[in-house]
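Student: Assemble the dimeric complex from its two separately framed chains, guided by the hints.
The primary structure of each chain is shown beneath.
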Amino acid sequence: MDIDDTPTTGPHRWFRLTRCHTPTDRRNQGLFMVWSLAWALAYVAATWVSQGSALGAVTPWLVAALPAVLSVAALVAYLRFVQQADELVRRIQLEGLAVGFGAGTLLVVGYPLFAAAGAPPLDITVAPAVMVLAWTAGQVIASARYR
Amino acid sequence: MKSCLRELRAERSWSQAKLAEHLEVSRQTVNAIETGKYDPSLTLAFRIAHLFETTLEQIFDPHDHAT
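Residue numbers (my numbering), protein chains in the order written: chain H, 8 to 154; chain R, 13 to 79.
So here's chain R without its partners, still in its complex pose (with noise of 0.2 Å):
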């Protein structure tokens, strides 16, 4: 699933070890739903919008799916 993590996560200048330390996940899941290469759990998707205060929908396009 496409999102704009990464975005996210640069305009407050996070490196994904920071975002992942605040997610409390691995560096390698950052990497991996940045990538689109793996889905966030939806209790992961949802701290991830509220970390960056906004909604799961401006975050996920749910019409493109990673296996």
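Just chain H, same shape as in the assembly (with noise of 0.2 Å):
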């Protein structure tokens, strides 16, 4: 049997859940989840500030810009991640952007055929959460196929 005797040192949840990954791996996984955070604080920050009547003219579009402009250091510290991973994450990785790609594609395409039928109206806004979920659910399955 054998051990993985890499050192958990401390009680840090994030090292005990990656300490199968190298630390390449585990800094750019890190940096992307900062950035993620970042946008989605902004993205809640700017609806939340967009509802406001006395935002001039030039305010509503800094506010939209701010959120976009995190979204893309987060894009790009995915695909830095992505590039410099271990070869066996990179594939848990696409299997993950598979699974997501294609639920948010079915949703996408799909529900207006139930929403004719008579099911209720779909906000758009849900299918990049369902992308995100079934991206997660993807990386998962593949991680514990592979264990």
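Hints should not be assumed to be uniformly reliable.
[As the list claims (entries may be wrong)] Residues on chain R that point at chain H, a partial pick, calculated with CB under 8 Å: (1) His34; (2) Glu36; (3) Val37; (4) Thr41; (5) Ala44; (6) Ser53; (7) Arg59; (8) His62; (9) Phe64; (10) Leu68.
Since the hints were derived computationally from the structure, they do not count as laboratory data.
Nothing here was measured: the structure is a model prediction, and the numbers come from that model.
For each residue, glycine too, the CB sits at the ideal point set by N, CA and C.
Tutor: Here it is, written out as structure tokens:
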């Protein structure tokens, strides 16, 4: 039985979750998560601020631009993660992305048929959430298969 | 693809983490190669052979492929 003797120094939960990854992968994943969190917070803030009435002419554009800029930073961080990732991690990411992209596409393309049949209308903003959840599930399933 | 990577590693009393460190890959990759669930890339296979100072054919059995 091969024991993973990688030291899990301290109670840091992030290290325990990624202790099978290389240090480069851990660093790059961490950066991607930081930029993603920054984008999510900026998006929520922008949504809240944009509902205000006294923003002037330029401010709404700046408010909309900030999360967009952060999303580009998150995308660049994710690309760097994938490009530098360990080859098995890269394969797992590919399978996760395939599931996420497929689920999102099926939802966007297929749900209108159900809506035409009488199903309640679906807000398009649900699609990204479905894609992210499916992407995560795809990664978990792929990772388990190689364990 | 079957391999004798586990045996080669045991000869040097290396853990999977230690071998992963030498190969600059994740421990997950080493484990997947040893269990035959993952076929390494040609680059990684050559690095493994070079690390253990042997040939690809001595390490990997090409007649049994993982998905």
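Student: If you test the structure against every hint from before, which numbers come out violated?
Tutor: 1, 7, 8, 9 and 10
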